[in-house]
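S.K.: One-letter residues, chain by chain:
Number of protein chains: 2
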Amino acid sequence: MSQSTVSIVAGGAGFIGANLVPRLLEEGRHVLVVDNYSRGSANNLGHIASDPRVTLIQADVSDRAATAETFRRAASIGTVDEVWHLAANSDIPAGVQDSDVDFKDTFRTTFELLRAMREFGVPDLHFASSSAIYGDLGEQSLHESIGPLLPISNYGAMKLASEAQASAAAESFLRRVNLFRFPNVVGVPATHGVLLDFVNKLAATPDVLHVLGDGTQQKAYLHVSDLVAAMLAVRARKVEGKVEVVNIGPTDEGVTVRWIAESVVARVRPQARIAFGQGNKGWVGDVPKFNYSTARLQSYGWTPKLGSAQAIARAIDEIARQQGV
Amino acid sequence: MSQSTVSIVAGGAGFIGANLVPRLLEEGRHVLVVDNYSRGSANNLGHIASDPRVTLIQADVSDRAATAETFRRAASIGTVDEVWHLAANSDIPAGVQDSDVDFKDTFRTTFELLRAMREFGVPDLHFASSSAIYGDLGEQSLHESIGPLLPISNYGAMKLASEAQASAAAESFLRRVNLFRFPNVVGVPATHGVLLDFVNKLAATPDVLHVLGDGTQQKAYLHVSDLVAAMLAVRARKVEGKVEVVNIGPTDEGVTVRWIAESVVARVRPQARIAFGQGNKGWVGDVPKFNYSTARLQSYGWTPKLGSAQAIARAIDEIARQQGV
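As they're listed, the protein sequences go chains A and B.
Per the numbering used here, numbering through the first sequence is continuous, rising by one, with the last residue being 327.
Per the numbering used here, numbering through the second sequence is continuous, rising by one, with the last residue being 327.
Hint data in this document are derived by calculation from the structure and do not stem from the laboratory.
The beta-carbon is built from N, C-alpha and C at its ideal position, and this holds for glycine as well.
You may find that some hints are simply not true.
[Unchecked claim] Subject to a maximum C-alpha distance of 30 Å in a straight line, what follows is the list of computed DSBU-like cross-link-like pairs (lysine-lysine): (1) A:Lys106 - B:Lys203; (2) A:Lys106 - A:Lys244; (3) B:Lys307 - B:Lys244; (4) A:Lys106 - B:Lys244; (5) A:Lys244 - A:Lys203; (6) A:Lys240 - A:Lys307; (7) A:Lys244 - B:Lys240; (8) B:Lys240 - B:Lys307.
[To be verified] Okay, the calculated beta carbon distance ranges per label pair: (9) B:Ala277 - A:Tyr39: 56 to 66 Å; (10) A:Gly303 - B:Arg74: 57 to 67 Å; (11) B:Leu139 - A:Tyr39: 36 to 46 Å; (12) A:Ser147 - B:Glu242: 41 to 51 Å; (13) B:Leu139 - A:Asp199: 36 to 46 Å; (14) B:Glu121 - A:Tyr39: 27 to 37 Å; (15) A:Ser6 - B:Pro208: 57 to 67 Å; (16) B:Lys240 - A:Ser147: 23 to 33 Å; (17) A:Asp199 - B:Asp254: 51 to 61 Å; (18) B:Ala96 - A:Ser40: 43 to 53 Å; (19) A:Val241 - B:Gln280: 38 to 48 Å; (20) A:Tyr302 - B:Lys240: 56 to 66 Å; (21) B:Ser43 - A:Asp65: 30 to 40 Å; (22) B:Gly279 - A:His49: 54 to 64 Å.
[Stated by the list, open to error] Stretches of chain A that chain B covers, calculated by requiring three or more beta carbons in the stretch to come under 8 Å of a beta carbon on chain B: (23) 98 to 110; (24) 113 to 124; (25) 144 to 152; (26) 155 to 163.
Using the sequences plus the hints, can you model the full thing?
M.R.: Given below as structure tokens:
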């Protein structure tokens, strides 16, 4: 691989990007990270932020002119052959309250990135979609061939809308699109999510951990190291068709919020008690139980190294150290 | 029904609206038609435009302030209990060329209507979605439970994006959402579509009808009278769940472009010859063959009065008269 091959990673200074960028550098690539630093931070990238093959640009890819300028900068470095689109709102309740949030950060980022890819002739898109596009289908197995897709949050809606845009772009001008439907992902640098939330709550009120909902919600969790490995494995496949849709996740059925809360307390504040709320939904847009099928991913010969419980256990320890507790 | 019950029909001065509004008036409703007249026209509504129970507003519902003003006007007439969202770009190739077209006319209209429905407490949405959300799934039966949904045009993408938004809104603040996945619909007042296109081409060049593609594309067609009847039948059902997704279409497998071309020529210019193009796609975003399942709709006890061939035959005659040929 020539040194002049460039990956653009949108939202690359966030949680996923910080774990992906080092892997792209290992391939010999130059990486242009574009991030508006609304949730991401150059600090997340640590020492790689100063790697000469990393270019950091603070810009909002929901803005057309800023996105074009970012692509011009990338093209001046070398041949840009792929965009990793990781930019999104990650605060689901905020997006339910105000639809403008997911519109701008989750939908419009995809829209403008696709316009720039067409203008600059960038052929491949790897998109961080979400299991939230499935909505609340109860006990049904959520595999890639199921429908109808009825997301219950604006976050899920704008992820599905982004998939739809990317699919149309594949027909019209892209060479390849990978739509990665993420599960709940844990690890560091943690910027949001249930583990960071619990750790921070215990720091604020050491005697009690207040949990939204009754704790029976059950979800599958993947460690970010496995997530990145899965995406790279799918990207390396020579597949037929222009659009690949794949659920990424562990092979188990997940763990409950109660188990997570108990694990965080045991690691951070063993003396704290846990106070549960009512109902099995934490907030509008939260899905109580997930039966998330990763059969397709497994059929590609890939399995995660860590199951949900192991991923959570490792991430709690990583986040506790990150937060200095 | 009180005279003060109001339906808002967005895009109501277009082809579908002109056929729907009279049926809503028959229910005793007041109807507020909002249309930007980009493709719609008050002329399409004929004598009902002057009915005292019809309020016509020229406004673009992709604009937030204009939409809020429209809803204020509707609320001043009576209790607004439903929105029919028929506004969309209908020029699929234009939307493939420039993604801003479907973004504004198909996506953003839904986005702003939903914001206004929340603000004004309007509970029910009836949305004109499309079979285009399925993309090109080959010979597979396109039923509502199939996935993944991979539209191949920005039109299809923004229709799917609109479904997704409406689904999230149902979870958060709406009472009921009907997502009607339209087939190809024919009838008058024709504003676009293959029949009007063929009739107009023959008026311009009476000796030959040039057809995009080789004529083997096969699609199902529904007459607009049946489409409106189906939507009203689904709306009248007392269903469980907040979101209904239903394919609307005839029960047959459709007719070919060749058959349509021959039928138009026979009615309009019997001496004209037909010149076919290459390939079985007319344009990017066109799906060559559709196996569109309407089993769900039939399970509700509804079937169309006209099959594809009958619908086309009637519509050719209606359009020929509309165009004065």
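S.K.: Checking against the hints above, which ones are violated?
M.R.: 1, 5, 7, 12, 18, 19 and 20
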